[in-house]
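Using the working numbering, the first residue of the sequence shown is number 762, and each one after it goes up by one.
What the hints contain is simulated information worked out from the structure, not anything from laboratory work.
The beta carbon of each residue, even a glycine, is placed where N, CA and C say it ideally should be.
Mixed in with the good hints there might be a few duds.
To be verified - Within a straight-line C-alpha distance of at most 27 Å, the following computed DSSO-like cross-link-like pairs (lysine-lysine) qualify:
hint: 1; residue 1: K822; residue 2: K809
hint: 2; residue 1: K809; residue 2: K791
hint: 3; residue 1: K791; residue 2: K822
hint: 4; residue 1: K822; residue 2: K836
hint: 5; residue 1: K784; residue 2: K809
As the list claims (entries may be wrong) - Okay, the calculated beta carbon distance ranges per label pair:
hint: 6; residue 1: E783; residue 2: E850; range: 34 to 42 Å
hint: 7; residue 1: F856; residue 2: P790; range: 27 to 35 Å
hint: 8; residue 1: L848; residue 2: K784; range: 31 to 39 Å
hint: 9; residue 1: I805; residue 2: E843; range: 28 to 36 Å
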Amino acid sequence: MNTNVKNEMNFVQYLMTGRLSEKGQLVLPKEFRDEQSLEAGSPIAILKIGNSLLLLPEMEKFNALCERIEQTLQKAGVRTEELLNTLPETRREVFREHYPELAENESEL
Numbered sequence: 762m763n764t765n766v767k768n769e770m771n772f773v774q775y776l777m778t779g780r781l782s783e784k785g786q787l788v789l790p791k792e793f794r795d796e797q798s799l800e801a802g803s804p805i806a807i808l809k810i811g812n813s814l815l816l817l818p819e820m821e822k823f824n825a826l827c828e829r830i831e832q833t834l835q836k837a838g839v840r841t842e843e844l845l846n847t848l849p850e851t852r853r854e855v856f857r858e859h860y861p862e863l864a865e866n867e868s869e870l
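With the sequences and hints as input, model every part of the structure.
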């Protein structure tokens with residue numbers, strides 16, 4: 762597994778890469794299991810966000826994350842409507858970044 766160290770914001774503390782088994786199982790590193798008090802059978806929420814997956818140890822932590830994001834946006838003075846209005850352009854930017862060969866013909870899509 763590859764490990765990268767903490768970033769400046771401490772939002773992403775670790776990045777590890779792993780592999781799926783033939784049955785589609787993913788082994789979480791022991792360090793993460795211990796840190797989150799996860800055991801065999803512990804519930805994990807799996808969220809699909811765009812082309813990404815976000816794993817959360819349980820719904821309580823997901824709800825806490827949502828509240829933290831909401832508070833951060835409120836402190837920054839960002840209204841929900843403003844944030845939603847940025848989505849179309851943000852989607853286009855992400856599309857161009859991840860699919861540059863298709864982005865050249867984006868107007869045809």
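Hints versus structure:
1. K822 with K809: holds, 16 Å
2. K809 with K791: Satisfied, since the Cα-Cα distance of roughly 24 Å is no more than 27 Å.
3. K791 with K822: holds, 19 Å
4. K822 with K836: With Cα atoms ~21 Å apart, K822 and K836 stay inside 27 Å; holds.
5. K784 with K809: holds, 20 Å
6. E783 with E850: 34 to 42 Å: Once the Cβ atoms are compared, 40 Å apart, the range 34 to 42 Å for E850 and E783 holds.
7. F856 with P790: 27 to 35 Å: Taking Cβ atoms as reference, F856 and P790 lie about 32 Å apart, which means the hint holds.
8. L848 with K784: 31 to 39 Å: holds, 36 Å
9. I805 with E843: 28 to 36 Å: Given a distance of about 32 Å, which is inside 28 to 36 Å, the answer is holds.
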